[in-house]
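Trainee: Residues per chain are reported as follows:
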Amino acid sequence: MSVAKKVVLAPLDPVHDIGLKMIRRGLDKAGHSTTLFPPDYSPQEIVNGIIEHEADVVLISRTLGYGVEEILAKFVDLVDAAGIRDRVKLGVGGMAIRAELAAELGFDEGFGPGTPMEAAVAFVEGREYVPPKAGAQRDKFDVVGASPYNWKNNSIKGLLDQIAQQIISWSEDKSSPGIERAKIREEIIRLEDMGKDASQLKKEYASLSDEVISDSYLKGTIHPQTRRLEQSELDSLKQYVERTQARMNPTNVRHTLDKPGVFSQYGTGCPFMDIAHIKVAEGWGADGVIHFDPSWGARTEGFMEGYLTHQQDGSVITPQNLQAIKDALMGSTLWQVRAHRGLNTPETVVLAGHSGADLTKINICYGALGAGTEPARLTVDGVESIKLAAKYNLPFDVVTNEELCGVPAHKAFAGMLIVANLGLILGAQPILQPLFCYSPEVMINETMADNYIDFNAAKILALREIIDAPIWPGAPIGFLTQSEERVQSSVSTGLHAALAASLGVNAISIATSDEAYSGGPIAAASRVDTLKAVKENFRFFGQAKIEPTPRAQQWAAEMVTQIEEVLRNVVEIGDFVDAMYKGALGTRDEGAYPGRAGKDTVSGVK
Amino acid sequence: MTQDLDRIVDALDIETFIVCRDEEEGMEIMRRIMGNMGLKDIDIVFCQHLGPGARVRARGYIFRSGDHYGWLKEETQA
Numbered sequence: 001m002s003v004a005k006k007v008v009l010a011p012l013d014p015v016h017d018i019g020l021k022m023i024r025r026g027l028d029k030a031g032h033s034t035t036l037f038p039p040d041y042s043p044q045e046i047v048n049g050i051i052e053h054e055a056d057v058v059l060i061s062r063t064l065g066y067g068v069e070e071i072l073a074k075f076v077d078l079v080d081a082a083g084i085r086d087r088v089k090l091g092v093g094g095m096a097i098r099a100e101l102a103a104e105l106g107f108d109e110g111f112g113p114g115t116p117m118e119a120a121v122a123f124v125e126g127r128e129y130v131p132p133k134a135g136a137q138r139d140k141f142d143v144v145g146a147s148p149y150n151w152k153n154n155s156i157k158g159l160l161d162q163i164a165q166q167i168i169s170w171s172e173d174k175s176s177p178g179i180e181r182a183k184i185r186e187e188i189i190r191l192e193d194m195g196k197d198a199s200q201l202k203k204e205y206a207s208l209s210d211e212v213i214s215d216s217y218l219k220g221t222i223h224p225q226t227r228r229l230e231q232s233e234l235d236s237l238k239q240y241v242e243r244t245q246a247r248m249n250p251t252n253v254r255h256t257l258d259k260p261g262v263f264s265q266y267g268t269g270c271p272f273m274d275i276a277h278i279k280v281a282e283g284w285g286a287d288g289v290i291h292f293d294p295s296w297g298a299r300t301e302g303f304m305e306g307y308l309t310h311q312q313d314g315s316v317i318t319p320q321n322l323q324a325i326k327d328a329l330m331g332s333t334l335w336q337v338r339a340h341r342g343l344n345t346p347e348t349v350v351l352a353g354h355s356g357a358d359l360t361k362i363n364i365c366y367g368a369l370g371a372g373t374e375p376a377r378l379t380v381d382g383v384e385s386i387k388l389a390a391k392y393n394l395p396f397d398v399v400t401n402e403e404l405c406g407v408p409a410h411k412a413f414a415g416m417l418i419v420a421n422l423g424l425i426l427g428a429q430p431i432l433q434p435l436f437c438y439s440p441e442v443m444i445n446e447t448m449a450d451n452y453i454d455f456n457a458a459k460i461l462a463l464r465e466i467i468d469a470p471i472w473p474g475a476p477i478g479f480l481t482q483s484e485e486r487v488q489s490s491v492s493t494g495l496h497a498a499l500a501a502s503l504g505v506n507a508i509s510i511a512t513s514d515e516a517y518s519g520g521p522i523a524a525a526s527r528v529d530t531l532k533a534v535k536e537n538f539r540f541f542g543q544a545k546i547e548p549t550p551r552a553q554q555w556a557a558e559m560v561t562q563i564e565e566v567l568r569n570v571v572e573i574g575d576f577v578d579a580m581y582k583g584a585l586g587t588r589d590e591g592a593y594p595g596r597a598g599k600d601t602v603s604g605v606k
Numbered sequence: 001m002t003q004d005l006d007r008i009v010d011a012l013d014i015e016t017f018i019v020c021r022d023e024e025e026g027m028e029i030m031r032r033i034m035g036n037m038g039l040k041d042i043d044i045v046f047c048q049h050l051g052p053g054a055r056v057r058a059r060g061y062i063f064r065s066g067d068h069y070g071w072l073k074e075e076t077q078a
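Taken in order, these protein sequences are the chains called A and B. For the record, in the first sequence the residue sitting at position 307 is 307 according to my numbering, with numbers rising by one throughout. For the record, in the second sequence the residue sitting at position 56 is 56 according to my numbering, with numbers rising by one throughout.
Hints in this document: simulated from the structure, not taken from any laboratory. It cannot be assumed that every hint is accurate.
Not the full set, but computed from the structure, chain A residues with beta-carbon under 7 Å of chain B [as the list claims (entries may be wrong)]:
#	residue
1	S236
2	G269
3	A276
4	T309
5	H310
6	Q311
7	A516
8	G519
9	G520
10	A524
Quick caveat, the model's predicted, so the values are computed rather than measured. Yeah, the Cβ is synthetic: ideal placement off N, Cα and C, and Gly gets one too.
Use the sequences and the hints to build the structure in full.
Mentor: Structural data, given as C-alpha cells:
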C-alpha cells in the first residue's frame with residue numbers, strides 16, 4: 001500500500017452523502033485515515049475542518065445540480081484564500097459533476113456519475129486508476145446443467161416410448177432431399193477442410209435443391225433478394241470486430257442468480273449487422289445469441305454459399321455467413337443456430353455443428369403444424385436432425401410456437417414431449433421450451449385476465465410433474481404482451497424474466513423493446529432496453545420469489561391430465577404423422593394447419 | 001454531422017412530448033421535425049395522445065441491413 005493519507009470527505013450538499021460513505025469504506029479498507037463531515041457544512045466550515053484535521057486529500061461531493069458551479073467555485077476560492085491549496089489535493093464527485101467542470105473550477109480531479117470507488121482510492125493514493133481489463137471473458141453459461149432427465153410420470157413416459165418407437169421404426173427406411181443434402185454437405189466440408197475439390201459434390205447438391213439455389217451453384221447467380229458482401233466490407237468487418245473486442249467488458253445481468261441464462265435473438269438480414277447487434281447484446285450482458293433465419297429459407301430446398309445479405313427479417317444461412325458470425329463472438333457467448341422448422345433442418349444442424357454452435361433448435365410438431373413443412377417430411381428430417389444434434393453434441397430446445405397459432409398449451413406440450421423423448425432415446429440433450437406468452441388460448445379462456453404469472457407458472461409446474469429436464473422459456477418471453485412503447489415493452493420483458501428466474505428455469509430468450517414494432521428493422525439500442533430491464537428485475541428480486549396464486553397449481557394438474565389424454569390419442573391413432581394430420585396435436589380450428597412445403601418428397605429407401 | 005451519423009449502428013430515435021390536438025397531429029409534427037433535421041428514412045415507432053398532447057418516438061434509419069455501413073470503417077476522431 002502507499003503511505004496512509006489523511007482524507008476529509010465533505011458533502012457540499014444539503015442531504016446527500018451516500019457516495020462519500022461508500023468511498024470512505026474503501027479508503028478505510030485501504031488503510032487511510034478518514035473523516036466524514038455532515039451534509040450541512042458550509043464551504044468555510046469545510047475549509048476550517050481541512051486545516052484542523054491537516055488533511056492531505058479532500059473529497060467533495062455534490063449531487064444537486066442547482067448552483068453547483070457557484071458553490072464549488074466559492075469553496076476553491078476559500079481553499080486558496082486559506083493558503084492550503086498547495087498541500088491539499090482536491091477531488092469532487094457526484095451526480096452533478098463532470099470532469100470538465102471540475103477542471104475548470106480548479107479541482108485536481110472530477111468524478112462523474114458511475115465512477116467506481118477504486119478510482120477515488122487511486123486518486124487519494126496518487127496513482128493512475130486502471131479500469132478492469134477490457135476484453136475480459138466470462139465463463140460460458142451451462143444451459144443444460146446437471147439435468148438428470150428423470151421421468152416422474154410413468155404413464156406419460158410409457159405413452160411417449162410407444163410413440164417414439166413408432167416414429168423411429170417408420171422413419172428407418174426413409175430419406176428426403178434435406179437428409180441427402182446434409183450428407184453431401186458433411187462430405188463437402190470434409191473435402192474442403194483437406195483442401196480438395198468439392199465441385200462434383202456441389203453439382204450433386206444442386207440437383208437436390210430448388211432452382212434458385214441450384215442456379216447459385218451452376219450459374220453463379222444468387223437469390224434475387226440477396227446481395228454478395230464485397231471483399232472490402234469483409235476486411236472492414238474483421239477490423240471492426242478486433243476493435244470492438246478489445247474494449248468489451250461485459251456486464252453481468254444475473255446479479256446473485258446462478259440462472260437463467262439470457263439469450264437474445266438476432267436476424268437483421270445481414271450477417272454484418274447481426275454481428276453489430278451481437279456485440280451490443282454481449283456488452284450488455286447476454287449469455288447467448290440465437291440465429292434467426294428468414295422464413296423463405298425454411299421453405300426453399302437447399303442453401304446458397306458465400307457472404308450474403310438481404311433486407312428482410314432473418315439472416316440467410318450459408319456456411320460462410322455462419323462462420324463470420326462465429327468468428328465475431330466472444331469465447332463465452334453461447335450461440336444457437338435454429339434448425340427447427342424447414343426443409344433444411346438436417347443440414348442446418350450439420351452447419352451449426354461445423355461452425356462451432358453450442359445449441360440448436362428442433363421441433364417436428366411446430367415445424368409441421370405451425371411453420372409450413374409437410375408433417376411426413378419434417379418427421380423424417382426431424383429424426384435425422386436429432387441424430388445429427390447428438391453426433392455434434394448440440395443440445396437442442398424444443399420450441400412450442402404452435403401456441404401462437406392458437407394450439408392449446410397442453411397439445412403443444414404433448415408434441416414437445418414427444419420430440420424431447422425421441423431426443424433422449426436417440427442420445428441427444430433436449431431442452432423444453434414452453435412459451436411465456438399471451439397466446440390465443442389464453443385470450444379465449446381468460447387465463448391471464450388477472451395476471452401474467454399463474455398460467456406461465458402452471459406450464460413450468462406441469463412440465464416438472466412429468467420430467468426433470470432443462471427448461472428454457474421463450475421465445476421470446478412475454479410474447480404478445482409487448483407493445484411498441486419501449487418502456488412498457490421493456491418492463492414486460494423484465495418482469496417475465498423475473499418470473500422465469502423465480503421459477504428456477506435454466507434459460508430465457510428475450511425480445512428487444514422493438515418486439516412489437518413492425519415498421520422497420522429492430523434497432524440495436526432496443527436490445528439495450530430489455531437487457532437493462534432484465535438486469536434491473538434480477539437486481540430487484542434477487543433470490544426472492546414471485547408467488548403465483550393457487551390457480552397455477554390447479555391449472556398445472558389439469559395440464560398434466562390433458563397432455564396424457566393427447567398422448568393416448570396419438571398412441572391410439574398408431575401413426576405419428578397421421579396423428580398430426582388428424583389434429584391430435586392441434587386441429588385446424590385451433591390454427592394448426594399441416595404444412596405443405598416438401599410434400600411428397602419423402603423417399604422410401606435410403 | 002454526416003461523419004457522426006455514420007457511427008450510428010442503424011437508427012436514430014427521437015422521443016419527446018408534443019403539445020397537440022390528437023395523435024395524428026402529433027405524428028405529423030414529429031415527421032416534419034425529423035424531415036427538417038435531414039433524416040430521410042423516417043417512421044413513427046410509437047405515439048400515444050393523452051391529456052395535453054402526445055408522447056411520440058420517431059425513428060430515422062441511417063443504415064438498413066445490407067447497406068454499406070459507415071461504422072465498419074476505421075473510427076476517426078470527431
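Trainee: Which of the listed hints are not met by the structure?
Mentor: Violated hint (a single one): 7; every other hint is consistent with the structure.
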